[in-house]
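K.L.:
Whole structure, please, built from the sequences with the hints as guidance.
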Amino acid sequence: MTTRHDKTYRWIGSVGLVALLAITLWNNYGKSLFGHDHSDPSHHGNSTERRSLNDSGFTPSGKLMNGKRVVDFDAVQYRFIPDPLVVIAGEHIELRVMSKDVTHGVMIPEVDFSTDMPMNKRKSAFFTAPSAPGEYPIFCSVFCGAEHGDMTGKLIVLPKHQEGESGHERQH
Amino acid sequence: MNVNIKSPKIQIILLLTMLAIIGLFTGDPAVKLLVLTYGILTAVFTEWMLWGKVKPQMLQSAVITGSIIGMLSSPGSNLMFVWLAAFAAIISKRLIQIWGSHIFNPAAWGLFLAGLALSNQVNWWGASMPPVIILGAGIILLRLKRLEMTFAYIIGRVLSAMLVGIPFSGALMLPNLFFAFIMLIEPKTSPSKRGEQLVFGLGCGALSTIAANAISQYEADLAALLIMNLMRKPIRMIFNRKTISTERQHEN
Chain A
1 MTTRHDKTYR
11 WIGSVGLVAL
21 LAITLWNNYG
31 KSLFGHDHSD
41 PSHHGNSTER
51 RSLNDSGFTP
61 SGKLMNGKRV
71 VDFDAVQYRF
81 IPDPLVVIAG
91 EHIELRVMSK
101 DVTHGVMIPE
111 VDFSTDMPMN
121 KRKSAFFTAP
131 SAPGEYPIFC
141 SVFCGAEHGD
151 MTGKLIVLPK
161 HQEGESGHER
171 QH
Chain B
1001 MNVNIKSPKI
1011 QIILLLTMLA
1021 IIGLFTGDPA
1031 VKLLVLTYGI
1041 LTAVFTEWML
1051 WGKVKPQMLQ
1061 SAVITGSIIG
1071 MLSSPGSNLM
1081 FVWLAAFAAI
1091 ISKRLIQIWG
1101 SHIFNPAAWG
1111 LFLAGLALSN
1121 QVNWWGASMP
1131 PVIILGAGII
1141 LLRLKRLEMT
1151 FAYIIGRVLS
1161 AMLVGIPFSG
1171 ALMLPNLFFA
1181 FIMLIEPKTS
1191 PSKRGEQLVF
1201 GLGCGALSTI
1211 AANAISQYEA
1221 DLAALLIMNL
1231 MRKPIRMIFN
1241 RKTISTERQH
1251 EN
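If you read the protein sequences in the order shown, they are chains A and B. My numbering puts the first residue of the first sequence at 1, with every later residue one more than the last. My numbering puts the first residue of the second sequence at 1001, with every later residue one more than the last.
Relax, there's no trap hidden among the hints.
Chain B stretches covered by chain A per the calculated footprint, using a threshold of three residues with CB under 8 Å from any CB of chain A:
#1 1037 to 1047
#2 1073 to 1080
#3 1110 to 1122
#4 1127 to 1137
Over 10 Å on every C-beta distance to chain B, these chain A residues come out as not near it, computed from the model:
#5 57
#6 63
#7 64
#8 65
#9 67
#10 70
#11 72
#12 74
#13 89
#14 98
To be clear, the hints were calculated from the coordinates, so they are not data collected in a lab. Even for Gly, the Cβ is constructed at its ideal location relative to N, Cα and C.
P.N.:
Following this line, the structure appears as structure tokens:
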């Protein structure tokens, strides 16, 4: 038998669920919950990182090949190599991933990228770098041991105008 | 609401709270708290939407499921992933039932389904303090008589990893203790008798190694658990048949 109490709870549950879903959609497609302003490159990092980003202190990782950045990206318990992974805003990235001990995974939520990193075998995975410069977290997505939860890295996205500034940047 | 501290569910909630607080100390606490709160709220709201006013035990289950989902989803992950995982987890309790109760571990089901739909965003940030997990959950499991299943999983995971070529020192690090001590042992979706628990745990460990090598982008432990959830009844049937045949031999 449905009581008045039941109806109230069902109503609260339904409205709550819809509200959470609405917040999610708003967060995904509208303004971010934490007011992430991607025009500010430092919004994912601290002031030191902001200075470094603006001063172009970072060199893009890997090499440019056929219009895409190719980076050998390794993992060992419990870190990624290279860390940070440095790319230019909006460019196509080919990560040639490999694990040097147990199976790991690499996940970059910002660009909805996730793949496993097989042991001692290189595998290519592709994503497009965020269009907004900044610092984004990288996580290990495959449970790899006791400190798996702390296995994180950074993706640093440099502004587009820094493309080619580095002496290492060559079209192959 | 009357809270009984001796209830295993309350103890698990306290343990999860402790692990969450520890997990918040590393990285960005605000983002982790957001993911955790989202998981819990979605689970509780779904529970209320489906059943109206529920017993405290059911609400506690929802809080546990939501907390696990929040503590496994990577900080900064798409909130839709958390919402979908928690919603699917609670829905599965009602919709996916055989043998009188739900089949799949709700949190594992929700996270796996959300991973399939939106790409895997699980990173187990809440599982960062193994000593607390072992001590806290160990005491609870000792009372519940489910510790054998946890140990069987750990042995199965390590041995099977060594069989696929991982050195012992590396294999020893692979068993996921949060999974083994908190998720695997869920009473409604895992066996209660010792022999069945051993088979269940060993099978889960071995399957986890297979899945880690075959479909690792979809969370091997969760996939293994879902398969073993399906195997629970067949395992019981095999054990019952053995018991009956042994009893008949004794009678003859």
